[in-house]
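Asks: Going down the list, the protein sequences come from chains A and B.
Residues 2 to 281 in the numbering used here are what the first sequence spells out, letter by letter.
Residues 154 to 427 in the numbering used here are what the second sequence spells out, letter by letter.
Hint data in this document are derived by calculation from the structure and do not stem from the laboratory.
A hint or two may mislead.
What the hints assert, rightly or not - Take a look, some chain A residues computed to stay more than 12 Å from chain B by CB distance:
1) ILE72
2) GLU212
3) ALA216
4) LEU221
5) ILE262
As the list claims (entries may be wrong) - Covered stretches of chain B, going by a simulated chain A footprint (3 or more residues, C-beta under 8 Å):
6) 198-211
7) 236-244
8) 334-343
9) 349-359
Stated by the list, open to error - Selected chain B positions facing chain A (Cβ under 8 Å, derived; list incomplete):
10) LEU177
11) LEU192
12) ALA214
13) ASP331
14) THR414
15) HIS416
Glycine is no exception: its CB is placed at the ideal position from the N, C-alpha and C atoms.
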Amino acid sequence: MTPDLIADLRAFGAAAMKEWRLLRRYPARMFGFLFWPIALPLAYVYQARGYAGGSQAAVEAFAQRAGTAEIAGFLFLGWAAYMWLSMILWGPGTALREEQVRGSLEALFITPASRLVVLFGPVVSQILWALWMFAVVGGALVLLYGVPISPLAALRAVGVVMVAVPALYGLGALFATVVLRFGEVGALVQVVRGLFTVFCGMTFPIVILPEWGRALALALPPTYLIGDLRSVLLTSSNLVSLAPSLVMMLALGIGLCGFAIVAFRRTERFARRGGSLAQY
Amino acid sequence: MTLELRAALAVARKELQIVRRYPLQLINEVAQPLYQFLLPSLLLGATFYVGGRAIGLQASAGTEDLAGYLFLGMVVGGLVAAVFWDMAFGIKREMDAGTLEPMWLTPTRPETTVLGRALSGLALSLLASAILVAVGILFFGAAIAGALLAAVPALLLASVSMIGVGYGIASLVMVMRDPNFMIDATSFTFSSLSGVAFPVTVLPAFIQPICYLLPTTYAVDLLRYYALGTRPLLAPGLEWAALVAFAAVSVVLGLRVFLRTEHRMRVQGTTGQY
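For reference, chain B alone in the conformation it holds in the complex:
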């Protein structure tokens, strides 16, 4: 167990080392969410201002702090992106480079290498989120209260759940030849349905039940509840319970699917194909 953990940390360190070699890409981790999501969303929000106040957002979410609402959403958006792109799509990069099969021939378990990638992705996402929240507070007037710290465990629980989801998505990546669109579309849909950009209560009634099946919905809701005092979707106690349950179930389920897929690929001899 200790050896596997060390291997996971070594993979994470390797991934972070690669990222450090591309400084422009590193800057983009922070800049991209800013100019591709946050600024267009803030400017759209400003178009609805009445007398300089976000009265519409107050009615739908329970806060007038548009910047705080969006920057906190982006924290969870970053978490989703890390799991889908760094953890799951990372396998595709190994496949393209032809290093997946040799790596899986080492005594380290395949799920450990995937976990290592998840750890580096989550660490990067955490760093980018911290910088983004600071930017939100300093430059956009996001009044995110100190109570934000109370929601940090919610983020940790959501991260554990998302690792389970990541194992499931990684299995799909392994069997698909061209998973770019799948990853792009599912990660976007996952973020959208989690309420990263808007309150999920504005979605059509038949879609809303899906939102309640995503751990990230509760994470973003609790984050905003503690930091901005928004109206929670459910009683906070229930949301915490849901997060704990998701964390327990999704890792077991995701890992199971991943191991079965990996076993099938070994039997069929398709590990080196892409």
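The following block holds chain A by itself, in its conformation from the complex:
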């Protein structure tokens, strides 16, 4: 290993530790990590109960379209993916924006550390939180709804999450680049998150979308993450049977990360030339 690489790895570790410390300093956010993974899907479970209205025919219609009669499991897993995505979209983009507002972004970019550290440093601590959130969701499904989740199925789910990491963090990094270029976070997060909510099947099976909607859904990585999580946890599929979907997710991840790195470098060059790193 070259000294530069070692130094970058140390900087990467330091960036991860910084994010972890920031998360620990705000205990109210910890409540959020416990509250939202249960409260948000729970509201939709009650909504689904209202839609079913005790009618067997309505429940069967759902099962036929969704491929499972496990309504609570279906919704909890969809929203768990949504929350992970939210965390990623708010994470790196907001971190860059905050550095910009505080006036420390320019100073950060003067250091010799690789820009990849700035982009992907927060990933480590966020993966821990994502795993925690999926554990809360799993616990809620087992304890509240009696959904049987075997240790093997849980391990398969962790495998799916790991395969999804490059794709989702690639999206996060790309989003951070847009934030750096346009200096806007809140509204952008809402729009991008809204797009995923409407097309990726968080609350519904994508088969009910029109053809163009399905085509769009299949171009978005969260669609595969949600579908695969439901398959391994609700229909006991193994990872081999999901290979095409996992490979697709991995390919999208590699493409997105590569694109994000190139876009980030170009944006950084643009910002340096225009002197906009310290502006907001």
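Place chain B on chain A using the hints.
Replies: Relative to the frame of chain A, chain B by itself:
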């Protein structure tokens, strides 16, 4: 009294002016409920359709008009969000900007500035709701009858009650250092338990009594009863009476809590801290 009212209107005008400066945020007032709540809920509802009909919703709520049911729910959801975020959380924004203490040093009463924020929030929410209902009727086939106008007084009464609730929540914001989660969680829970997204009768029996303690439950129920002909939770006369009672009690109670908290903060000298 007239001066205080003018001050409240001036604060509302200032808030609306700030909002106008961020057009993307303004568009989001309408777009966000659409893509974050209404569309996912409509698509989930469509998954339960049998032969193109919402027979389950008919059984649980008394209507097959899924779009109408959800868009009307969103009207009350917007009201709750306006009070929690614009009225109560607005104080946090003033605290962050360091302008709360100087503002409270002016001769205008603190409760007036909070009321001003409530008025601007409610006006925005009303506008967004009108656009959303129009979208529901034009693009999603919501068959909301003209009788909807009969329920407008219910919305006004609920708004008065919610201003009282907003004063209470604003007091909590003033004493908490990091109220984001509290506001987010309580506003979500308040909306959910009001039946914005589903009939409250599907909730567990031990939770349902809480729903009957919220003014917004009656507002959304009356709105749907008049516009869609859904089954009301109680006799409509009783629901109107409950709304009037809530409007009278909650403002007095909320204002009292707010004034006590504000007084304590002045005594302790914590108004400028956050």
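Asks: Hint by hint, note whether the structure agrees.
Replies: Each hint tested on the structure:
With 12 Å as the threshold on Cβ separation, the claim that ILE72 (chain A) sits away from chain B is violated: the shortest Cβ distance comes to roughly 9 Å. For GLU212 (chain A), the condition that its CB be more than 12 Å from all CB atoms of chain B holds, with the nearest at approximately 15 Å. With a least beta-carbon separation of about 16 Å from chain B, ALA216 (chain A) lies farther than 12 Å from that chain, consistent with its non-interface assignment. With a minimum CB-CB distance of about 14 Å to chain B, LEU221 (chain A) clears the 12 Å threshold, and the non-interface call stands.
For ILE262 (chain A), the non-interface assignment is confirmed: its Cβ lies about 27 Å from the closest Cβ of chain B, beyond the 12 Å cut-off. With a threshold of 8 Å between beta carbons, the proposed coverage of the stretch 198-211 of chain B by chain A holds, since 11 of its residues qualify and at least three are required. Evaluation of the coverage hint for the stretch 236-244 of chain B: breached, as 0 residues show C-beta separations to chain A shorter than 8 Å, against a requirement of three. Here's how the stretch 334-343 of chain B fares: 6 of its residues keep a CB closer than 8 Å to some CB of chain A, so the rule of at least three is met and the hint holds.
Interface restraint, the stretch 349-359 of chain B with chain A: holds (5 residues with C-beta to C-beta distance below 8 Å; minimum three). Of the supplied interface hints, the one on LEU177 (chain B) holds, with its beta-carbon coming within about 4 Å of a beta-carbon of chain A, less than 8 Å. The closest approach between the C-beta of LEU192 (chain B) and any C-beta of chain A is roughly 5 Å, which is under the 8 Å cut-off, so the hint is satisfied. Because the beta carbon of ALA214 (chain B) sits about 7 Å from the nearest beta carbon in chain A, less than 8 Å, this interface hint is met.
With a least beta-carbon distance of about 5 Å to chain A, the hint placing ASP331 (chain B) at the interface is held under the 8 Å criterion. Among the interface hints, the one on THR414 (chain B) is violated; its C-beta lies about 19 Å from the nearest C-beta in chain A, farther than the 8 Å criterion. Using the Cβ-Cβ criterion of 8 Å, the hint placing HIS416 (chain B) at the interface with chain A is not satisfied: the shortest such distance is roughly 26 Å.
When the structure is compared with the earlier hints, violations turn up for hints 1, 7, 14, 15 and for no others.
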